[in-house]
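*Asks:* So you can see what is in the structure, the chains are spelled out below.
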Amino acid sequence: MVRWLVGAIGLSVVAAHALAAGPVEIGIGYLGYAGVKSKLSLVEQPSENDGIAGARLAIEDNNTTGRFLNQRFTLEEVRLKEGEDVANAAVTLASRNGFIIADLPAEALLKAADALRGRETVLFNAASIDDRLREQDCRSNVIHVAPTRSMLADALAQYLVWKQWKRWMLVVGSHDQDKLYAEALRRAAARFGAKIVQERTFEDTGGARRTDSGVTQIQRQMPVLTQQAPAYDILVAADESEVFASYLPYRTWDPRPVAGSAGLVPTSWDAAQDQWGAIQMQNRFVKLNSRRMTALDMQAWTAVRMIGEATSRTNSGDPKSVFDFLKRPDFSVAAFKGQRLTLRDWNLQLRQPILLVDGRMVVSVSPQEGFLHQFSELDTLGIDRPETKCKLH
Amino acid sequence: MRRRCLLSGMAAWLATGLSAATPASAFIAYVSNEKSNTVSVIDTDKWTVTKTIKVGQRPRGIEFTRDGKFVLVAVGDDDKIEVIDAASQQVVDSLPSGPDPELFTQDAAGKILYVANENDNTVTIIDLEKRVRVGDIQVGVEPEGMAISPDSKILINTSETTNMAHFIDTATRQIVANVLVDARPRFAEFKPDGSELWVSSEIGGTVSVIDPVKRVVTGKITFNIPGLRREAIQPVGIGITKDGKTAFIALGPANRIAVVDGTSHAVTKYLLVGQRVWHMAFTPDQKYLLVTNGVSNDVSVIDVAAQKVIKTIQVGELPWGITIAQQ
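Residue numbers (the working numbering), protein chains in the order written: chain A, 1 to 393; chain B, 1 to 327.
Mixed in with the good hints, there may be bad ones.
Said to hold, decoys possible - Pairs of lysine-lysine residues, derived as DSSO-like cross-links and limited to a Cα-Cα distance of at most 30 angstroms, are as follows:
{"id": "1", "chain 1": "B", "residue 1": "220", "chain 2": "A", "residue 2": "320"}
{"id": "2", "chain 1": "B", "residue 1": "311", "chain 2": "B", "residue 2": "46"}
{"id": "3", "chain 1": "A", "residue 1": "163", "chain 2": "B", "residue 2": "35"}
{"id": "4", "chain 1": "A", "residue 1": "327", "chain 2": "B", "residue 2": "220"}
{"id": "5", "chain 1": "B", "residue 1": "46", "chain 2": "B", "residue 2": "220"}
{"id": "6", "chain 1": "A", "residue 1": "287", "chain 2": "B", "residue 2": "35"}
{"id": "7", "chain 1": "A", "residue 1": "39", "chain 2": "A", "residue 2": "81"}
{"id": "8", "chain 1": "B", "residue 1": "46", "chain 2": "B", "residue 2": "269"}
Since the hints were made in silico from the structure, they are not lab data.
Please put together the full structure from these sequences, using the hints given.
*Replies:* Okay, here's the thing in structure tokens:
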């Protein structure tokens, strides 16, 4: 009680001081590459502002709250061109902002993190799902808001096992990230009791994604790719490179559902998610950005909201106070996933339920019922504390 | 009171020509079914659903007018509040709320209605007699919980993403204080004597007890149910007895109602009810508490004195809010 009283007095003193001095400015940077990666489906073609659109909405949300607390949030966007030095850009951005939302691939993220070592600025990984960033290559100045590849694979595996679709045929793309996804899926199958009855590879031989008579060929190619398979329940595709997976549904030799990179897809967010109050945020997003919200938008929104949550609770825009608050065991953030999201203290990964979506509807949300854990059921998704290779310094 | 019930019972009998007149001691509960787009009418004497009223899309917040003549139900996806005539049990009119109304509260005189509009960060003020919108108040992100102090001077609105209880002066319609609470504040309730304000935080998993004079959090009620993970405990609806001695708090997907000592704020008991328990209402004699169970599509009846669940009543799909006549 006494402690609380002192805290309250402290807070009111700070608030009064802040009022006198004008709003506390909280600068957030957004660091990403210019241009977008093409998708097989035209309706999934990412927008130029994919990601930052979510950050912008969260800035608005934070500023609505900030009006009552005398805090003002700003967003500074930096887009790198191919070959531009990410370390330099991060340092420049950090000179003006205490927080940086990183929309970067793993290698670039590590360069940025290492360039900012010893500085106060905190990085939020909003885009990269690579497990190594939370394992052997973890960094103490990076909070991971994006889920990991293993979390996504585990979320899918739990549902398929719950459905009793335990015999998988795995088709893997020929690029590195496809192989990493396949590895996560193999691990998930072994953990949750599914069996990969056969594995096939789809070689990327190049070529255009959009052609005028593509369907005719694809309709002949996909049955051939999937014929003469041993008995299986579901085809699981690992194709992060967007080369073939979206061609598989309805075209397999045997009539089987598809999951993984097409069909039933595990993701942190989807435009169809409307449970747990999400409809309000989806509406706000569409109103602000004139398009629907993607997983990357949501990851950036969540990162900026985590900062806002910490600044409102600590009544401070100081990066160190915010970072310390985020690392406290009682920190949690609400992000329309039906439960609080918290940070894994061993690698600063955000725990989160994973949606399973089919492009039009949310089919299910993992963790599934019955997958138990002694600490948090969310830790049944991804690499858990006892297995971690991360040592935070 | 008995006499008035008898009279209204007669009126109902005369109006509808039904031979099975309502017994004198019965109250009428109205339950909004979020998914079915209906309101279930429950006779608290027989504990049965006597009528299902078709309403607009996504009915949630539901409350009797102070005079007991009408039931107001917020139909969020139709951006309005519908007015059900308690005598004919039919929708007779609608009120112009802002977009996506969810919860609302009335002043003590029953003349002014304050509505939380989730979609545009405002509280809308409606004149209940003229049935027109007379003003808006800008609040935090996703306004939800609404409560009014017993003297009607202070309006409370909670905003779910801003995580605050906003104190609004009803005379000037200005925000006079903001109190930070835990994540996703859903519901606010004053103790009947106005000495405390309780605010539930669904995602934070706590109920904040606020001193309405000093406007600071003076205590937090937490819940610990053995065998249940922390994330499943999501407090939403709050009901406090007239004497302020006992409170009931709905814990959402924990499928339980926590019984809380109104003075010490200690949890004394957990009552197992249906799935995803949401909101609640006492019968006017305070003998029973009815709670809505969203996922199991039913209403649990709790004997308040015995602190026991005595009955379950099947209603529509995803029952959300509930109100019981005050006469």
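*Asks:* Please go over all the hints and tell whether each is borne out by the structure.
*Replies:* Tested hints:
| no. | hint | in the structure |
| --- | --- | --- |
| 1 | B:220 <-> A:320 | 27 angstroms, holds |
| 2 | B:311 <-> B:46 | 11 angstroms, holds |
| 3 | A:163 <-> B:35 | 26 angstroms, holds |
| 4 | A:327 <-> B:220 | 22 angstroms, holds |
| 5 | B:46 <-> B:220 | 38 angstroms, violated |
| 6 | A:287 <-> B:35 | 25 angstroms, holds |
| 7 | A:39 <-> A:81 | 20 angstroms, holds |
| 8 | B:46 <-> B:269 | 27 angstroms, holds |
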